[in-house]
Amino acid sequence: MLKPLGDRIVIETVEKEEKTASGIVLPDSAKEKPQEGRVVAAGTGRVTDSGERVALEVSEGDHVIFSKYAGTEVKYDGKEYLILRQDDILAVVE
Amino acid sequence: MLKPLGDRIVIETVEKEEKTASGIVLPDSAKEKPQEGRVVAAGTGRVTDSGERVALEVSEGDHVIFSKYAGTEVKYDGKEYLILRQDDILAVVE
Amino acid sequence: MLKPLGDRIVIETVEKEEKTASGIVLPDSAKEKPQEGRVVAAGTGRVTDSGERVALEVSEGDHVIFSKYAGTEVKYDGKEYLILRQDDILAVVE
Amino acid sequence: MLKPLGDRIVIETVEKEEKTASGIVLPDSAKEKPQEGRVVAAGTGRVTDSGERVALEVSEGDHVIFSKYAGTEVKYDGKEYLILRQDDILAVVE
Amino acid sequence: MLKPLGDRIVIETVEKEEKTASGIVLPDSAKEKPQEGRVVAAGTGRVTDSGERVALEVSEGDHVIFSKYAGTEVKYDGKEYLILRQDDILAVVE
Amino acid sequence: MLKPLGDRIVIETVEKEEKTASGIVLPDSAKEKPQEGRVVAAGTGRVTDSGERVALEVSEGDHVIFSKYAGTEVKYDGKEYLILRQDDILAVVE
Amino acid sequence: MLKPLGDRIVIETVEKEEKTASGIVLPDSAKEKPQEGRVVAAGTGRVTDSGERVALEVSEGDHVIFSKYAGTEVKYDGKEYLILRQDDILAVVE
Numbered sequence: 388m389l390k391p392l393g394d395r396i397v398i399e400t401v402e403k404e405e406k407t408a409s410g411i412v413l414p415d416s417a418k419e420k421p422q423e424g425r426v427v428a429a430g431t432g433r434v435t436d437s438g439e440r441v442a443l444e445v446s447e448g449d450h451v452i453f454s455k456y457a458g459t460e461v462k463y464d465g466k467e468y469l470i471l472r473q474d475d476i477l478a479v480v481e
Numbered sequence: 388m389l390k391p392l393g394d395r396i397v398i399e400t401v402e403k404e405e406k407t408a409s410g411i412v413l414p415d416s417a418k419e420k421p422q423e424g425r426v427v428a429a430g431t432g433r434v435t436d437s438g439e440r441v442a443l444e445v446s447e448g449d450h451v452i453f454s455k456y457a458g459t460e461v462k463y464d465g466k467e468y469l470i471l472r473q474d475d476i477l478a479v480v481e
Numbered sequence: 388m389l390k391p392l393g394d395r396i397v398i399e400t401v402e403k404e405e406k407t408a409s410g411i412v413l414p415d416s417a418k419e420k421p422q423e424g425r426v427v428a429a430g431t432g433r434v435t436d437s438g439e440r441v442a443l444e445v446s447e448g449d450h451v452i453f454s455k456y457a458g459t460e461v462k463y464d465g466k467e468y469l470i471l472r473q474d475d476i477l478a479v480v481e
Numbered sequence: 388m389l390k391p392l393g394d395r396i397v398i399e400t401v402e403k404e405e406k407t408a409s410g411i412v413l414p415d416s417a418k419e420k421p422q423e424g425r426v427v428a429a430g431t432g433r434v435t436d437s438g439e440r441v442a443l444e445v446s447e448g449d450h451v452i453f454s455k456y457a458g459t460e461v462k463y464d465g466k467e468y469l470i471l472r473q474d475d476i477l478a479v480v481e
Numbered sequence: 388m389l390k391p392l393g394d395r396i397v398i399e400t401v402e403k404e405e406k407t408a409s410g411i412v413l414p415d416s417a418k419e420k421p422q423e424g425r426v427v428a429a430g431t432g433r434v435t436d437s438g439e440r441v442a443l444e445v446s447e448g449d450h451v452i453f454s455k456y457a458g459t460e461v462k463y464d465g466k467e468y469l470i471l472r473q474d475d476i477l478a479v480v481e
Numbered sequence: 388m389l390k391p392l393g394d395r396i397v398i399e400t401v402e403k404e405e406k407t408a409s410g411i412v413l414p415d416s417a418k419e420k421p422q423e424g425r426v427v428a429a430g431t432g433r434v435t436d437s438g439e440r441v442a443l444e445v446s447e448g449d450h451v452i453f454s455k456y457a458g459t460e461v462k463y464d465g466k467e468y469l470i471l472r473q474d475d476i477l478a479v480v481e
Numbered sequence: 388m389l390k391p392l393g394d395r396i397v398i399e400t401v402e403k404e405e406k407t408a409s410g411i412v413l414p415d416s417a418k419e420k421p422q423e424g425r426v427v428a429a430g431t432g433r434v435t436d437s438g439e440r441v442a443l444e445v446s447e448g449d450h451v452i453f454s455k456y457a458g459t460e461v462k463y464d465g466k467e468y469l470i471l472r473q474d475d476i477l478a479v480v481e
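Protein chains in written order, with the numbering used here: chain A, 388 to 481; chain B, 388 to 481; chain C, 388 to 481; chain D, 388 to 481; chain E, 388 to 481; chain F, 388 to 481; chain G, 388 to 481.
Treat the hints as calculated values from the structure; they're not laboratory data. Every residue gets a Cβ at the ideal spot worked out from N, C-alpha and C, and that includes glycine. Just to be clear, a hint being listed does not mean it is correct.
Said to hold, decoys possible - In silico negatives: residues of chain C with every beta carbon more than 12 Å from chain D:
1) Met388
2) Ala428
3) Thr431
4) Asp464
5) Leu469
What the hints assert, rightly or not - Listed next, the in silico PhoX-like pairs over lysine-lysine satisfying Cα-Cα at most 25 Å (straight line):
6) A:Lys390 with E:Lys455
7) D:Lys466 with D:Lys390
8) E:Lys466 with G:Lys390
Claimed, not checked - Per the computed footprint, the stretches of chain E lying under chain G, defined by three or more beta-carbons under 8 Å from a beta-carbon of chain G, are:
9) 434-441
10) 457-466
11) 472-481
I would like the entire structure built from these sequences, with the hints used as guidance.
Listed below in structure tokens is the structure:
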């Protein structure tokens, strides 16, 4: 099992259709496209400058959207994961 | 539903006429142009270095103006949203 | 009405004669020239790392001088405004 | 009157002979040359991350030396001033 | 014995097969590949801005995954180690 | 008299032989060479983010070694001084 | 005697064989090589943002490993020293 440290999260990425429904390329290419995944494991939280540990807002099983170029790819036990910081997670899909 | 984390905000953008009333390009191009939208969901707030969570100043339904190149475009349930940090929001239109 | 967030200020800019009285270009061009305006609305203040909100030093009606390239131009209700952070304001003209 | 905000200082610059007594250019050009001036007005001080306001160390009338390229030139009421942060002031001449 | 300072960790790296099972190069080369190792020694922890020492989350013997280009190679007593900061460790393998 | 502000120090530099005893250029040119001087005046200290003033570690008359390219040259009363921050001082020679 | 300030350390460097035992150049040249030395003097410690002084973890006589390009070379009393910050020290060799 992968146990991330601090404010890091282990994510199993979800393949996402890159084309829009109408097949048209979006005009504003300056904006980055996000990626989806499922939280496999979450760290114990970030320690603030005052020495307090702040619990993470996501937990195992959460379906999340994150910045596409964030994190580090990790291959473990034959499967691929992405380890990123909670700050790279944009939103939880409920 | 998209539930943003921390100080992030989910916004439904509003199309805005790019030309001025007179159709004249503004002389001072060094200044960036803002964009408008409506807040769909707001995070739980930023955690300061002293470990305190500061509630966000905007909430669902607010009409906001934000920096044009801020945030990440997210396509969810057939609609497009923009997820950005509260700090990228310039003002609430009341 | 535009209600700025945090330490942001909405300003109605004032046109300012760019030439000096004698019409001579100033020799030291390394220094940036400021711009003038009137405060239309001020945010609720900046939140420090210790979670305390610090009230702004300017308020509606103040005549201020600010760094020329600061802020974002916002067109609202047919008029143009500039939204900037209080830190970009150099001084209040009394 | 110009009332600077926070840790900003309004200064009336003093012309300073740029040549050395012997007229020789200083060999170590990597070091920046300072400039002199008189404090016309001082802000209310900087607010620390803990929300405390720290009073400025200079006050009206002080003769100060500051980094040459610091600050913003402001023309007000026919006279030129320089507005800079206290941190750009190197020393008070007593 | 190597006793790391602060939030530093001494690691004995583990050789890791660089090819994927199918031998196919991963399409997204923008993401960095991690490296594995075993913790040989851990520092006394980071001191926060409030002067509190935060104990490290890893300890001797832990099998860890870290960012490939992190740290400094140290040759000691005929063996090679890597000294990095705990923040460069992505996860503990359990 | 020059009274430096905050964590600044006024130094009277000491000429230092640039060649080594043997006249050989040092092989590792990546490292910067320091300079010597005597403390003429020291500021009242740095104010931390918690609003506390930390007294300086050097005082008038101290013989100090500092980073060669640090600080600003000031000509005052016919003599040349260097004003730098205490953080640029490497050590006191006792 | 050289008395370093704050979190600085005076080190007498130790010559270290640059070749590996087998004489083979290490394949991963992206990683920096460390250097060894002995602590001659240590400062009084770093002052945190909360105004607390944190004692250093090394003391006179410690055999340390540090980042090769850290610090400033100081020639004092005919001998060469290196003054660096404690943060540049990777580990103490015990």
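Do the hints match the structure? See the list:
1. Met388: 24 Å, holds
2. Ala428: 17 Å, holds
3. Thr431: 14 Å, holds
4. Asp464: 28 Å, holds
5. Leu469: 16 Å, holds
6. A:Lys390 with E:Lys455: 18 Å, holds
7. D:Lys466 with D:Lys390: 15 Å, holds
8. E:Lys466 with G:Lys390: 35 Å, violated
9. 434-441: n = 5 at 8 Å, threshold three: holds.
10. 457-466: holds (count 7)
11. 472-481: The restraint on the stretch 472-481 of chain E is violated, since only 0 of its residues have a Cβ under 8 Å from chain G and three are required.
When the structure is compared with the earlier hints, violations turn up for hints 8, 11 and for no others.
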